[in-house]
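Undergrad: Sequence:
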Amino acid sequence: MSGHPLNMCENCGALSPQRCGRCKAFFICSRECMKAVWRPHKPDCDKIVAATEYLKSIGDEGSGVPCMISAGDKLLLDNRCLAVYQKYGVTELPDWNSTINAVEKYQLFLDILRENDTCSGVGRCLKSFY
Numbered sequence: 353m354s355g356h357p358l359n360m361c362e363n364c365g366a367l368s369p370q371r372c373g374r375c376k377a378f379f380i381c382s383r384e385c386m387k388a389v390w391r392p393h394k395p396d397c398d399k400i401v402a403a404t405e406y407l408k409s410i411g412d413e414g415s416g417v418p419c420m421i422s423a424g425d426k427l428l429l430d431n432r433c434l435a436v437y438q439k440y441g442v443t444e445l446p447d448w449n450s451t452i453n454a455v456e457k458y459q460l461f462l463d464i465l466r467e468n469d470t471c472s473g474v475g476r477c478l479k480s481f482y
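When we follow my numbering, the leftmost residue of the sequence shown carries the number 353, and every step to the right adds one.
FYI, nobody ran anything at the bench for these hints, they're computed from the structure. A couple of the hints might just be wrong.
Label pairs and their calculated CB-CB ranges [claimed, not checked]:
#, residue 1, residue 2, range
1, E405, L429, 23 to 29 Å
2, S409, R432, 28 to 34 Å
3, E444, W390, 30 to 36 Å
4, I410, A366, 36 to 42 Å
5, Q438, S382, 37 to 43 Å
6, V389, F461, 31 to 37 Å
7, Y440, K394, 33 to 39 Å
8, T451, D398, 15 to 21 Å
9, Q459, W390, 24 to 30 Å
10, R391, R371, 14 to 20 Å
11, S409, K387, 30 to 36 Å
12, A388, Q438, 38 to 44 Å
13, R466, Q370, 28 to 34 Å
14, P395, N449, 25 to 31 Å
Each residue gets a CB set at the ideal place from its N, CA and C atoms; glycine is no exception.
All chains, full assembly: derive it from the sequences and hints.
TA: Next up, the structure:
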């Protein structure tokens, strides 16, 4: 087994160190599973590959500016996430190397999305966010 972090296959949920050969962002355990998820995965894969190529094309001048988010917006988002982590007693970041149970991690992300929801039910963004 390689030094890649283990994660769950996008199709069957089995632990796998293998990632999609194109985007390197999604874990997959076999060719059969890749074939099964390719159609829904392809649009995301294309976007990730395009973004990676764009970042490579702009070189060092683009480094450190992920997603073109402003420093103020990043700080606001970080503070909101930190508040949710504290609210739910999270003691480690729920990243790829986290020991948090996958179901708990999923629930935490849903809660973070709910806490940071800035749009009303009718699809109009709240002015306070801007």
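Undergrad: All hints, please: hold or fail.
TA: Consistency of the hints with the structure:
1. Look at E405 against L429: about 26 Å separates their beta carbons, and that is inside 23 to 29 Å.
2. In this structure the hint that S409 and R432 lie 28 to 34 Å apart at CB holds, the actual value being about 32 Å.
3. Against the hinted window of 30 to 36 Å, the Cβ-Cβ separation of E444 and W390 comes to about 33 Å, which satisfies the hint.
4. Take I410 and A366: their Cβ atoms lie about 37 Å apart, and the range 36 to 42 Å holds.
5. Separated by about 40 Å at the C-beta atoms, Q438 and S382 satisfy the suggested range of 37 to 43 Å.
6. Take V389 and F461: their Cβ atoms lie about 20 Å apart, and the range 31 to 37 Å is violated.
7. At about 34 Å, the beta-carbon gap between Y440 and K394 stays in the expected band of 33 to 39 Å.
8. The given range of 15 to 21 Å is broken by T451 and D398, whose C-beta atoms sit roughly 32 Å from each other.
9. The supplied range of 24 to 30 Å is met by Q459 and W390, whose beta-carbon atoms lie about 28 Å from each other.
10. Between R391 and R371 the beta carbon distance is about 18 Å. The supplied range of 14 to 20 Å therefore holds.
11. A beta carbon spacing of about 31 Å between S409 and K387 agrees with the range 30 to 36 Å that was offered as a hint.
12. Our hint of 38 to 44 Å for A388 and Q438 holds, since their Cβ atoms are close to 39 Å apart.
13. At roughly 33 Å, the beta-carbon separation of R466 and Q370 lies within the given 28 to 34 Å, and the hint holds.
14. A C-beta distance of roughly 27 Å is found between P395 and N449, which places it inside the suggested range of 25 to 31 Å.
Consistency note: the structure conflicts with the earlier hints numbered 6 and 8.
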